[in-house]
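A.B. asks: Residue numbers (the UniProt record's numbering), protein chains in the order written: chain A, 1 to 248; chain B, 1 to 248.
Hints may be right or wrong, so weigh each one.
Given that identical chains are not distinguished, each listed pair holds provided it fits within a single copy or across any two copies.
Claimed, not checked - Under the rule of at most 20 angstroms between Cα atoms (straight-line distance), these lysine to any residue pairs were calculated in the SDA-like manner:
1) LYS98 to LYS237
2) LYS215 to ASP233
3) LYS237 to ARG99
4) LYS221 to GLN94
Just so you know, these hints were derived from the structure itself, not from any lab. Since the structure is predicted, the reported quantities are computational estimates derived from the model, not experimental observations.
Number of protein chains: 2
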Amino acid sequence: MNDVLQVIRSHRSIRKFKPVPLTNEQIDAIVEAAQMAPSSMHMQPFSIIGVTDSKLLENIAKRSNNPPVGECGYFFIFCADLYRILAAGDPARQAAMKRNLGSTYVFQTAVLCAGLALQNANVAAESMGLGAVMIGGINEALPDLDEWLGLPEFVIPLCGLAVGVPGESPEQKPRLPRSAVFFENRYNPSLKAAIDEFDRQIETYYGSRLFNRRKANWSGKLTAILGQKLPVDMYTKYVRHKGFYLVE
Amino acid sequence: MNDVLQVIRSHRSIRKFKPVPLTNEQIDAIVEAAQMAPSSMHMQPFSIIGVTDSKLLENIAKRSNNPPVGECGYFFIFCADLYRILAAGDPARQAAMKRNLGSTYVFQTAVLCAGLALQNANVAAESMGLGAVMIGGINEALPDLDEWLGLPEFVIPLCGLAVGVPGESPEQKPRLPRSAVFFENRYNPSLKAAIDEFDRQIETYYGSRLFNRRKANWSGKLTAILGQKLPVDMYTKYVRHKGFYLVE
Numbered sequence: 001m002n003d004v005l006q007v008i009r010s011h012r013s014i015r016k017f018k019p020v021p022l023t024n025e026q027i028d029a030i031v032e033a034a035q036m037a038p039s040s041m042h043m044q045p046f047s048i049i050g051v052t053d054s055k056l057l058e059n060i061a062k063r064s065n066n067p068p069v070g071e072c073g074y075f076f077i078f079c080a081d082l083y084r085i086l087a088a089g090d091p092a093r094q095a096a097m098k099r100n101l102g103s104t105y106v107f108q109t110a111v112l113c114a115g116l117a118l119q120n121a122n123v124a125a126e127s128m129g130l131g132a133v134m135i136g137g138i139n140e141a142l143p144d145l146d147e148w149l150g151l152p153e154f155v156i157p158l159c160g161l162a163v164g165v166p167g168e169s170p171e172q173k174p175r176l177p178r179s180a181v182f183f184e185n186r187y188n189p190s191l192k193a194a195i196d197e198f199d200r201q202i203e204t205y206y207g208s209r210l211f212n213r214r215k216a217n218w219s220g221k222l223t224a225i226l227g228q229k230l231p232v233d234m235y236t237k238y239v240r241h242k243g244f245y246l247v248e
Numbered sequence: 001m002n003d004v005l006q007v008i009r010s011h012r013s014i015r016k017f018k019p020v021p022l023t024n025e026q027i028d029a030i031v032e033a034a035q036m037a038p039s040s041m042h043m044q045p046f047s048i049i050g051v052t053d054s055k056l057l058e059n060i061a062k063r064s065n066n067p068p069v070g071e072c073g074y075f076f077i078f079c080a081d082l083y084r085i086l087a088a089g090d091p092a093r094q095a096a097m098k099r100n101l102g103s104t105y106v107f108q109t110a111v112l113c114a115g116l117a118l119q120n121a122n123v124a125a126e127s128m129g130l131g132a133v134m135i136g137g138i139n140e141a142l143p144d145l146d147e148w149l150g151l152p153e154f155v156i157p158l159c160g161l162a163v164g165v166p167g168e169s170p171e172q173k174p175r176l177p178r179s180a181v182f183f184e185n186r187y188n189p190s191l192k193a194a195i196d197e198f199d200r201q202i203e204t205y206y207g208s209r210l211f212n213r214r215k216a217n218w219s220g221k222l223t224a225i226l227g228q229k230l231p232v233d234m235y236t237k238y239v240r241h242k243g244f245y246l247v248e
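Please build the complete structure, drawing on both the sequences and the hints.
C.D. replies: This is how it looks when you write it as structure tokens:
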């Protein structure tokens, strides 16, 4: 197996870090890796905010309920960014551009491309012996986060990436059976047996790991979270406010 | 520089392939890499369809106007998949789950996570000496593609990944200047100088590369595409039909 597959297969999210800041070389390598990801129409529709201000880190850690934000060696925030393209465009065509940039399709494409860049950053960090964890919890700090980071219309934060020297060595979390994820030519909606198999496997994982042991499985955990009433309409309002999803 | 950074920094999209099919070991390594990507709440909200049926490949290549689809060593389609979670959930809570799974926030999270998996697959392929290109053009085949692949509600195709033994060795496409993409603590909306610099750089690239030489720059190309009237409402209708964005 080559070194790249080795790094990818060894992935674990690291949530505890040693108090060692990243070097400029490490930060540069991570940002360069993100920039090298492909993107649709070469749009490069993402931006990265490196958060170094201690008060800002503290606010984000508190609002996202995520201690690693304040304790890592460097904290990145990955944003979908279609503002840059708007800024590059002919002022006479701003109305048409806004309509397209704000559409479901273009915004979704920007999110997908931001994901490609984010994973390049993650893999680059891991390849240098660093640990990392993605922090979706930054969305809890919306819409204030926009103001803190000075994000204009058509730029929205998607996910944080906390990187640092690992201070823990957790077990690897099992993945869904391949048969539930990979299909040849046609999707197979009969997923029950594969999900049951995975539930048993992950119950064993949660029940036997060294830290944070508990009785839980995949279906139960996701049903508990996604089966409750969530304030999802707030987020829709937020993205509309940023210029997205205005097209009916 | 380590091998992983080397592979990431050497990225080029490959659109011409030698007529050599991928081995099962290569396909397995790519799918395993995709599955190892992290995901929000361990949702693993994506599916991969490997397209091997020659008639299906031909239809997708034609509709997406992308010859590499039919000429590569293996063609993957990455989908956002929240159906699997719905199938795993308690039948008594389907209504609440559907509302949440179909929300802007959860769907956007699924797209981002699918991007992480897709880039792991891309990097894994490149690490094995294969070439790859992402094919956003598969969206041109919607909604028929859903029927061809048997995709249920809450599963939508996002992007293809054509992989194979490289039959070309293109120049590397320049990226935006770092100053236009990476910010410390605060976004800087004064992007004009950086975009102008990039336009000059990419004009040189387009004008001097060996194949497909032309006079074009980044701003001009994107304004031409995104400044015209596009049928973006069709896509919004499509995703709503699949169960998404129904929450106001």
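A.B. asks: I want to check one pair: LYS215 and ASP233. Are their C-alpha atoms no more than 20 angstroms apart within a copy, between two copies, both, or neither?
C.D. replies: Neither. Shortest intra-copy (32 angstroms) and inter-copy (45 angstroms) distances fail the 20 angstroms Cα cut-off.
A.B. asks: Under a CA distance limit of 20 angstroms, which applies to LYS98 and LYS237: within one copy, between copies, both, or neither?
C.D. replies: both (17 angstroms within a copy, 19 angstroms between copies)
A.B. asks: Can you tell me if LYS237 and ARG99 fall within 20 angstroms by alpha carbon in one copy, between copies, both or neither?
C.D. replies: Classified as both: same-chain Cα gap 17 angstroms, cross-chain 15 angstroms, threshold 20 angstroms.
A.B. asks: Using 20 angstroms as the alpha-carbon threshold, which applies to LYS221 and GLN94: within, between, both, or neither?
C.D. replies: Between copies only: 15 angstroms across, 45 angstroms inside.
Checked against the numbered hints listed earlier, the structure breaks hint 2 alone; every other hint is satisfied.
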